[in-house]
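Enquirer: Letter by letter, the sequence shown follows residues 3 to 387 in this note's numbering.
It is worth saying that the hints were derived from the structure and are not from the lab.
Keep in mind that the hints are not guaranteed to be accurate.
To be verified - With a straight-line cut-off of 20 Å between C-alpha atoms, the simulated DMTMM-like cross-links for lysine to aspartate or glutamate are:
hint : residue 1 : residue 2
1    : Lys109    : Asp95
2    : Lys331    : Glu311
3    : Lys324    : Glu311
4    : Lys46     : Glu153
5    : Lys150    : Asp306
6    : Lys88     : Glu63
7    : Lys266    : Glu197
8    : Lys366    : Asp218
9    : Lys347    : Asp95
Unchecked claim - Pairwise CB distance ranges, derived in the manner of DEER restraints:
hint : residue 1 : residue 2 : range
10   : Asn163    : Glu271    : 14 to 24 Å
11   : Gln267    : Gln203    : 48 to 58 Å
12   : Asn163    : Lys383    : 22 to 32 Å
13   : Lys383    : Glu85     : 50 to 60 Å
14   : Thr43     : Glu271    : 27 to 37 Å
15   : Asn92     : Ile40     : 36 to 46 Å
16   : Asn92     : Pro283    : 48 to 58 Å
17   : Thr43     : Lys382    : 56 to 66 Å
18   : Lys211    : Ser317    : 24 to 34 Å
Source: prediction; values computed, not measured.
Built from N, CA and C at the ideal position, the CB exists for glycine as well.
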Amino acid sequence: MEKMTRRSFVNRFGVGVGASVIMTTLPSFLSAPEENKIPYTGKKLNIALCGLGNYASMLAEGIKVSEFCNLAGIVTGTPAKAEKWKTQYNIPDKNIYNYQNFDEIIKNKDIDLVYVVLPNGLHKEFVIRSAKAGKHVITEKPMAITVKDCEEMIKACNDNNVQLAIGYRLHYEPTHLEIKRLGQEKVFGQVRFIEASLGYQIHDPRDTKSTVNLNDRNEWRLNKKLSGGGPLMDLGVYCIQASRYILGEEPTAVTAQFGTVYNKQIFSETEESISWQMEFPSSAVANCNTSVNYNIDRLYASADEGFFELTPALSYGPFEGKTSKGPLKFPVINQQQTQMDEIAKLLLENKKLPNHITGEEGLKDIKVINAIYKAAETGKKISLT
């Protein structure tokens, strides 16, 4: 996220530290609908979802209630899914593609943007194919698996004069905008320590003998070629993001440790748990954890003159927390709808997307992730400068 000044935040939000009552000056994309507001009837951004897994369903529902977007197309390798989505969202046959004929989308003027919701290892291919088809692109995080992949994706979009965004939904969520402000504006003084953790008990650590087929497409997160790694890729990116935007700084070095592997067959290619530490230019330290064998979702920041924390913190919410001066509670929003509308408004006006959601931001995360893996593998501190 880009730096936000105190004045800009107050003008937009009209709230102070520990706000438990929200004023009426929330930014337009977070404000309650005005009773006499004239409904938007202009052109909408026509979106095709590429990959129809669980999160694509959440995006589709967000787009359905959005003001500036329309779910116009789908891309899937499963005919049964294509038929179901066609009926559910009234999608015409001409806007339904599979992974083989996807490039024909270049001829389709009814699709403005492709949202790539595929396994991490496929992000690069379909972002580049979308860009070559002249479509703007959003890809889910993490952006890709390697730094080189990210750089090639950015170049393809630049070369084809389309814009690339990463699905950083929390960049539009009011609680996270507030913790960013608290940290970057040093409301409680310099932040010295951050603890960020996100994990889900997807695999029971007591079960050490179960097996899975790592080539099963439903188990792609366990397949390193498709996932790029385990929970660090899937969940840890949220911890990295939160630490970076609370401080408004980039980490200078990392250390890391893999956790215990309880089931060596299931986790033969990816980590089961990982902990890491990030050092920042201000001398702040972030201690982070992610896992698929225990549940945790919290964020804590300690500063010279106070603290702030969230639990739940990094999942889908609703988010709640407190500061050393009182409760921290903001309106619950539809994160997918808000993200999509804010991106769509800019693209419809032919404006440049903000730096904090572009491919360059996604590249920064991948640099940190790759360094964390290297640190865990070698047992050494890895410099990022």
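Enquirer: Can you name, in rising order, the numbers of the hints this structure does not satisfy?
Expert: Result: hints 4, 5, 7, 8, 9, 10, 11, 12, 14, 15 break, sorted rising.
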